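Trainee: For the protein sequence lines, the chains are A and B, in the order given.
Taken in order, the first sequence gives residues 1 to 381; the numbers are from this note's numbering.
Taken in order, the second sequence gives residues 1 to 592; the numbers are from this note's numbering.
Keep in mind the hints are simulated off the structure, nothing from the lab.
The model shown is predicted, which means the values in this text are computed figures rather than measured ones.
Hints may contain errors.
Taking lysine-lysine pairs in the DSBU-like style, the calculated list, with each CA pair at most 30 Å apart, reads [claimed, not checked]:
(1) Lys236/A / Lys111/B
(2) Lys123/A / Lys135/B
(3) Lys247/B / Lys232/A
(4) Lys243/A / Lys464/B
(5) Lys446/B / Lys232/A
(6) Lys111/B / Lys24/A
(7) Lys23/A / Lys111/B
(8) Lys446/B / Lys67/A
(9) Lys464/B / Lys245/A
(10) Lys135/B / Lys236/A
(11) Lys464/B / Lys232/A
(12) Lys464/B / Lys446/B
(13) Lys267/A / Lys464/B
Chain by chain, the residues:
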Amino acid sequence: MRTRVLVVGGGVLGLSIGYNLVKKGERNVLVIERKYIGNGSTTRCASAFRVHFWSDENTLFAIEARKRLLRAGDELNFNPLVETIGYMWLLYDEAILDAYRKRNTRWSEFGIAGNLLAPEDVKEDHPYLNTEDMIGAFCGPQDGVLHHDFLMFGYRDAILNAGGRVLEYLDAKRLLMDGNRISGIETSAGSIEADKVVVAGGVWSNAILETVGARLPIVPERKEICVMEPMKPFIKTFLINTKLKSFYITQTARGEGIGSIDHPIVKGSLEYGNTLEFLREFSRAAISTIPALRKARMLRVWSGFYEVTPDHSHILGRNPEWPENLYVAGGFSGHGLLMAPFAGEVMADLLLEDRTHPLMKPYSPTRFEEEREIKETLIIG
Amino acid sequence: MTAQLSEVRLDGRPFLCQKNEPLAVCLYRNGVKSSSIGFKSLRSRGFTNLEWWIPERLQSEEDAFLSLYALVDRKPISLESPRTGIVHQLLTRMLRSFMDSEFPHRAMIRKRPFWNLTRWYLRRTLPHPSPRRAKDERVKQTFLETDVLVVGSGIAGVSFALKFKELGGEVVVIEGDHFWGGHAVYDQSIIPGLTKTVRDFAENLVETAKDEGVSLLTDVVFDGFFEDGALGIRLGGLRPDAPMLLKAKFFVFATGLRDLPSLFGNNDLPGHMVASSALKLANYYGVSLGARGVVIGNNEYATRTALQLKKAGSSVTLVTGCETVKGVRNEYLRGLQKEGVQVITGIRKMRAEGRREVRYLTTDKNKIDADFIVSAESWSPALETLGQATMPIGYNAWVGCLLPMHGWYGETANPSVFVIGRSSGILDECASSAFAEATAYHIANKLKLRVGENEAESKLSIAKEALNKRYPENYEAYSRLVGCHERGEVLNEPGYRVAYSEDLHSVFVCLCEDVTLNDLDRAVRVHGFEDIELVKRYTGIGTGKCQGKRCLANAIYAISNLTGKPPSATGIFRQRPMVVTTSLEALEAIEL
Chain A
1 MRTRVLVVGG GVLGLSIGYN LVKKGERNVL VIERKYIGNG STTRCASAFR VHFWSDENTL
61 FAIEARKRLL RAGDELNFNP LVETIGYMWL LYDEAILDAY RKRNTRWSEF GIAGNLLAPE
121 DVKEDHPYLN TEDMIGAFCG PQDGVLHHDF LMFGYRDAIL NAGGRVLEYL DAKRLLMDGN
181 RISGIETSAG SIEADKVVVA GGVWSNAILE TVGARLPIVP ERKEICVMEP MKPFIKTFLI
241 NTKLKSFYIT QTARGEGIGS IDHPIVKGSL EYGNTLEFLR EFSRAAISTI PALRKARMLR
301 VWSGFYEVTP DHSHILGRNP EWPENLYVAG GFSGHGLLMA PFAGEVMADL LLEDRTHPLM
361 KPYSPTRFEE EREIKETLII G
Chain B
1 MTAQLSEVRL DGRPFLCQKN EPLAVCLYRN GVKSSSIGFK SLRSRGFTNL EWWIPERLQS
61 EEDAFLSLYA LVDRKPISLE SPRTGIVHQL LTRMLRSFMD SEFPHRAMIR KRPFWNLTRW
121 YLRRTLPHPS PRRAKDERVK QTFLETDVLV VGSGIAGVSF ALKFKELGGE VVVIEGDHFW
181 GGHAVYDQSI IPGLTKTVRD FAENLVETAK DEGVSLLTDV VFDGFFEDGA LGIRLGGLRP
241 DAPMLLKAKF FVFATGLRDL PSLFGNNDLP GHMVASSALK LANYYGVSLG ARGVVIGNNE
301 YATRTALQLK KAGSSVTLVT GCETVKGVRN EYLRGLQKEG VQVITGIRKM RAEGRREVRY
361 LTTDKNKIDA DFIVSAESWS PALETLGQAT MPIGYNAWVG CLLPMHGWYG ETANPSVFVI
421 GRSSGILDEC ASSAFAEATA YHIANKLKLR VGENEAESKL SIAKEALNKR YPENYEAYSR
481 LVGCHERGEV LNEPGYRVAY SEDLHSVFVC LCEDVTLNDL DRAVRVHGFE DIELVKRYTG
541 IGTGKCQGKR CLANAIYAIS NLTGKPPSAT GIFRQRPMVV TTSLEALEAI EL
């Protein structure tokens with residue numbers, strides 16, 4: 001089998017790269033996935049998007065991604081159910097409130113000004129919230145939620161309709177070299193020749209990159225997440241409690257409560273699993289933030305991985321020291337779904353025209369050696 | 001054993017209610033056959049299932065009152081009174097009609113301004129309850145530690161526990177329902193070769209177990225395996241649920257088989273129920289189901305159900321999509337003739353008709369008047385617990401059901417988990433009991449209790465002989481399953497053919513999320529999703545309140561019909577805790 005561009009990893013990112021390639025006219029595209037599409041992290045995520053980041057680079061990148069996300073329903077065969085319900089960070093510390101105030105002036109320069117609310121205003125808009133000890137809240141009305149599976153299915157459909165290929169249950173074993181360039185990949189069902197290979201395998205990327213001596217500074221961090229029985233929609237926004245281990249909660253379009261808390265912290269392991277500890281911490285945080293959730297019923301829990309880089313920002317492009325024709329996209333540190341619509345586009349530009357988008361430039365894999373890190377401190381979960 | 005009913009008064013009117021009893025029973029007992037409302041279709045959900053795990057069971061006083069209000073008004077339950085404006089109703093109906101699997105594709109509501117309007121409206125009209133205000137009651141966790149934990153107190157579970165205790169082992173049985181005995185308690189068929197009914201057999205066992213001091217906890221649910229322990233939930237009925245940490249060296253699952261609604265047209269109409277619930281109503285509560293009934297199914301369980309309903313006073317027709325009624329022992333076949341139960345085989349299409357409830361069943365052969373329809377065709381073990389214990393699931397064509405892969409003693413790929421009883425594929429009560437005893441010897445050996453080396457083996461050969469003599473076809477099917485397990489394979493047999501309706505839109509597979517056969521058909525044929533995980537994410541099947549208990553196996557059988565692959569090739573989607581939904585106040589009380 002041969003292909004012009006081979007994308008290793010059929011998550012939302014790999015499929016977004018594939019989609020943007022076929023959209024730009026390159027139909028000889030093959031996306032391979034080790035199980036079913038999205039099984040690694042995409043189908044496990046909390047399905048939210050935001051533009052409010054602490055670093056300018058990430059903010060600008062996310063603004064571009066949001067534009068494409070809002071258009072996705074018009075362009076794709078699937079409606080990704082985007083809802084701009086806003087984010088709300090509940091604040092309990094003067095210093096943090098001040099930091100948000102300062103950051104908001106910068107955000108307004110980018111055209112994404114949020115609002116700082118006093119506790120009384122919060123209580124008025126969200127009477128179900130426990131506002132005890134709260135000194136204010138920061139609202140980002142541009143942010144919101146979407147349906148991750150539908151976005152991914154939309155990309156898949158577009159690739160297939162344009163004549164590209166998506167192959168599932170195909171395990172990438174190792175990269176094949178021809179001199180100093182990548183010539184293809186060996187999989188569980190024979191080898192595939194490719195002119196260019198993009199590795200977008202999330203936390204599993206290093207396993208394949210290491211077969212040619214390349215490596216990304218990614219550490220998997222396991223996050224547990226849970227869904228509650230459907231309720232009448234009453235949580236009107238995506239809530240983040242900055243006091244309680246970045247506890248967050250929102251309601252899906254079907255009315256299910258969905259949320260998580262950053263506890264227990266499990267790094268390095270690649271085992272999906274759940275703990276009673278998480279259930280207890282989540283329930284305590286949920287009841288203390290929204291007392292009415294006391295009788296809400298937990299439906300199911302599951303876990304997934306953040307692919308965390310040292311600076312919590314993603315890695316796009318290639319390292320000149322690596323074999324030729326090898327590209328990576330990864331290390332999104334929990335922001336993969338929301339960045340994917342734009343990341344796919346800039347990667348497609350790079351692959352087809354060898355053009356590096358100005359917004360993509362800072363995300364080069366070499367930035368860690370060159371000490372040009374993009375410190376992102378606004379992390380949720 | 002008869003249920004203790006208590007009287008509840010509301011607005012001066014008395015109603016009979018029972019602690020922790022499914023809402024549907026309370027309603028049915030009082031003559032209302034509809035218990036909920038479809039989330040997308042807005043059709044009133046009449047399908048009756050009286051298992052303790054159904055999401056509609058009473059969970060609070062508020063639930064009880066709601067069910068009572070429903071009795072007064074004879075209306076489907078909705079927590080907030082529906083708006084009555086004609087425009088509002090029409091708009092709602094129109095929007096709801098969009099909400100099948102076509103929903104994400106409809107160009108009209110995919111475009112941005114329309115989508116914004118649509119989602120705003122959808123959120124406003126979701127027919128879900130608001131969160132309840134609740135008293136801040138203290139919930140306390142309990143802790144249970146034992147050598148062997150048995151889940152399920154049916155014939156197999158109690159037989160195991162009795163023998164294991166006799167061998168000097170420490171064992172606790174937990175049961176989700178509020179009484180011992182499981183489904184066997186409502187089955188009054190005579191066991192072939194004995195003069196006892198299944199119910200007597202089960203009750204004798206239970207009495208002996210009580211006398212022997214076997215510790216058994218009712219209203220306790222196995223809720224899931226976690227990395228830091230196994231969680232049980234003590235169902236509180238009208239009081240808050242409480243967590244219970246479970247610690248055991250071995251888990252023995254004796255959770256039985258669960259019957260699922262058959263897939264035919266309008267299978268959500270009031271009057272349609274599963275066989276175990278029909279038997280519970282007829283034999284346990286003494287409710288008359290109606291003058292004329294239809295039982296759908298081709299196996300011995302369906303035959304037994306038909307005979308008992310006949311005995312309870314209804315005229316019964318047994319229908320099946322297969323060419324013959326298979327694997328039914330002579331005692332029951334003779335009974336069918338003697339009692340005058342009409343049998344119609346080889347039906348290709350079925351559809352229930354009636355405006356508010358079932359009136360008759362039309363098939364491609366004839367039209368049958370029916371006050372009620374009983375599904376006894378499709379069943380599955382409790383996949384949510386077995387799947388969590390990460391054992392491979394195969395499909396056995398003779399039993400007609402997905403079954404966990406296991407060895408002769410019920411040992412599985414997970415060394416600390418065993419399966420016994422009907423959930424392991426044994427359909428004869430006596431043999432099931434004998435196999436459970438062999439498992440008790442086997443585990444006693446593992447725990448180094450004073451048991452002779454060969455005793456487990458000799459018990460096993462007795463059990464094998466019993467099954468072979470009592471139900472040779474079952475023995476053969478069971479041997480195939482065990483043989484496959486021993487070779488490290490997954491049993492891969494072709495699935496049975498579902499008797500469809502022509503109108504796939506009216507065949508409901510998932511009752512929580514309103515997924516129809518049409519949605520599955522589109523997922524498989526139009527989008528090419530053959531992986532059950534993707535079908536789940538595309539249609540929403542199995543993501544509702546019952547977490548796939550009522551639909552997962554049915555969906556797999558249907559997908560297997562669509563793709564032509566055996567059901568075990570479709571596989572089950574990853575089973576995640578919780579087994580039953582659990583309130584946050586209970587989870588908050590977990591102490592490690």
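Trainee: With reference to the structure, classify each hint as holding or not holding.
Mentor: Now the hints, each set against the structure:
This hinted pair checks out: Lys236/A and Lys111/B have alpha carbons roughly 23 Å apart, not beyond 30 Å. The suggested pairing of Lys123/A with Lys135/B holds, with an alpha-carbon distance near 21 Å, which does not exceed 30 Å. For the proposed pair Lys247/B and Lys232/A, the alpha carbon gap of about 37 Å is over 30 Å, so the pair is violated. Our distance criterion of 30 Å between C-alpha atoms is broken by Lys243/A and Lys464/B, whose separation comes to about 61 Å.
Taken as a hint, the Lys446/B and Lys232/A pair is broken in the structure, with Cα atoms around 51 Å apart against an allowance of 30 Å. In summary, the hint linking Lys111/B to Lys24/A is supported, as the alpha carbons are separated by about 22 Å, within the 30 Å threshold. Among the hinted pairs, Lys23/A with Lys111/B is consistent with the structure: their alpha-carbon atoms are about 19 Å apart, no more than 30 Å. Restraint check for Lys446/B and Lys67/A: the C-alpha separation of about 62 Å exceeds 30 Å, so the hint is violated.
A threshold of 30 Å between alpha carbons decides the hint, and for Lys464/B with Lys245/A the separation of about 56 Å lies outside it, so the pair is violated. The straight-line distance between the Cα atoms of Lys135/B and Lys236/A is roughly 24 Å, inside the 30 Å bound, and the hint therefore holds. For the hint pairing Lys464/B with Lys232/A, the CA-to-CA distance comes to about 54 Å; that exceeds 30 Å, so the pair is violated. For the proposed pair Lys464/B and Lys446/B, the alpha carbon gap of about 21 Å is at most 30 Å, so the pair holds.
As the CA atoms of Lys267/A and Lys464/B are separated by approximately 49 Å, the hinted pair breaks the 30 Å bound.
When each numbered hint is compared with the structure, violations occur for hints 3, 4, 5, 8, 9, 11 and 13.
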